[in-house]
Amino acid sequence: MNGKIARQISHEDLMRFLDGEATPEERAVIEVRLAASSELRREFAIFVSMKEEFQDLSFVSHEGDSVWSRIRTRITTPVGWMLTLAGFTGWLGYGIWVFVRSPTAMLVKLTTGAVVIGILVLLAQVILDRYREYGTDPYRNVHR
Amino acid sequence: MRPDLERELLRKCQAGDARFFEPIVRAYERPGMRIALGMMGNPDDASDALQDAFVKTWKALGRFKLERPFGPWFFQILRNQCRDALRSRQARFRLEALDEWLEMRPADPEHGPERVRERKAAKELLWKGLAELNEDHREILVLKEIEGFRYGEIARILSIPEGTVASRLFHARRALADVLRGAGVAHP
Chain F
1 MNGKIARQIS
11 HEDLMRFLDG
21 EATPEERAVI
31 EVRLAASSEL
41 RREFAIFVSM
51 KEEFQDLSFV
61 SHEGDSVWSR
71 IRTRITTPVG
81 WMLTLAGFTG
91 WLGYGIWVFV
101 RSPTAMLVKL
111 TTGAVVIGIL
121 VLLAQVILDR
131 YREYGTDPYR
141 NVHR
Chain B
1 MRPDLERELL
11 RKCQAGDARF
21 FEPIVRAYER
31 PGMRIALGMM
41 GNPDDASDAL
51 QDAFVKTWKA
61 LGRFKLERPF
71 GPWFFQILRN
81 QCRDALRSRQ
91 ARFRLEALDE
101 WLEMRPADPE
111 HGPERVRERK
121 AAKELLWKGL
131 AELNEDHREI
141 LVLKEIEGFR
151 YGEIARILSI
161 PEGTVASRLF
171 HARRALADVL
181 RGAGVAHP
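From first to last, the protein sequence lines are chains F and B. For the first sequence, position 114 (counting from the first letter as 1) is numbered 114 according to the numbering used here, and the numbering increases by one without interruption. For the second sequence, position 121 (counting from the first letter as 1) is numbered 121 according to the numbering used here, and the numbering increases by one without interruption.
Keep in mind the hints are simulated off the structure, nothing from the lab. Careful: at least some of the hints might be erroneous.
Unchecked claim - DEER-style ranges, computed between Cβ atoms:
| # | chain 1 | residue 1 | chain 2 | residue 2 | range |
| --- | --- | --- | --- | --- | --- |
| 1 | F | Thr-112 | B | Lys-12 | 43 to 49 Å |
| 2 | F | Gly-93 | B | Arg-68 | 42 to 48 Å |
| 3 | F | Ile-117 | B | Leu-5 | 52 to 58 Å |
| 4 | B | Pro-161 | F | Arg-74 | 31 to 37 Å |
As the list claims (entries may be wrong) - Here are the computed lysine-lysine pairs in the PhoX-like style, where the Cα-Cα straight-line distance is at most 20 Å:
| # | chain 1 | residue 1 | chain 2 | residue 2 |
| --- | --- | --- | --- | --- |
| 5 | B | Lys-65 | B | Lys-12 |
| 6 | F | Lys-51 | B | Lys-120 |
| 7 | B | Lys-12 | B | Lys-59 |
| 8 | B | Lys-12 | B | Lys-56 |
| 9 | B | Lys-123 | F | Lys-51 |
| 10 | B | Lys-128 | F | Lys-51 |
Nothing here was measured: the structure is a model prediction, and the numbers come from that model. Glycine included, every Cβ here is placed at the ideal spot set by N, Cα and C.
All chains, please: the whole structure from these sequences, using the hints.
As structure tokens, then:
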């Protein structure tokens, strides 16, 4: 049947006719071909039938089930993190600068520095562990 | 959504204000979900692909030219996202939970429950038939038959000439007809 169509009208012409995209001149030519060929009519009827079946389908409206809240979280979270990290870095740098230049005794500076560095190392370790776990967590896409 | 309003919202989004992205998302999420559902075959993966596509769109908005129509650009991103997801191991085309999303238009009540059963079976066969097609054929049928895009719009979304749209539609429809015939569907 395909060879027959190809000899008379192209596949593209037939599709444009079916989908209402053919020009009036093209429509006239295809209508003549359809009238003359029962094989072409049968082929065309199959396409029309499938098109009608698709048109019978409709999608259920899921009102109130917008994806916006999840998208908003995803596009605003990185900005929040960047601002927090930038602020934290600046604040930490300024704190270190003030601390180093202060007239406090060296022993106090060293012990205080050890406590602060220890807390930061522990915090970084926890964040790193959580990040590694997230990469292999099989339930990460499960929402309550 | 009016094109001038959409352009104004997109201009504000390009300035970095995420609040103005909400009406854009709400305007495009339903057609986007229909396309993703047709491409992915199940609501969970379709929703994931849709969200990923919106996030990618947001990130790429700076490169978007406001004089161009937004819809085909977004649907192109969504289509690429669906294809990427299908190629990855995270998703595969499967027909699940579609009854929640898909229904036949109400049958003429005079035809009774037999007709309703027939139409339900036809819906399932149609979707199973789509599942059997390759990605190129499935996506073009989804864009044409489910979303009703015109050839010019499909050409922009798929980045192919309009002549190729018609040719690919023919082969997709013929492939679907073959699949349905193989499943025992009697066409006229």
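The hints, checked one at a time:
no., hint, in the structure
1, Thr-112/F to Lys-12/B: 43 to 49 Å, "48 Å, holds"
2, Gly-93/F to Arg-68/B: 42 to 48 Å, "44 Å, holds"
3, Ile-117/F to Leu-5/B: 52 to 58 Å, "54 Å, holds"
4, Pro-161/B to Arg-74/F: 31 to 37 Å, "35 Å, holds"
5, Lys-65/B to Lys-12/B, "13 Å, holds"
6, Lys-51/F to Lys-120/B, "16 Å, holds"
7, Lys-12/B to Lys-59/B, "14 Å, holds"
8, Lys-12/B to Lys-56/B, "17 Å, holds"
9, Lys-123/B to Lys-51/F, "12 Å, holds"
10, Lys-128/B to Lys-51/F, "16 Å, holds"
When held up to the earlier numbered hints, the structure conflicts with none and fits them all.
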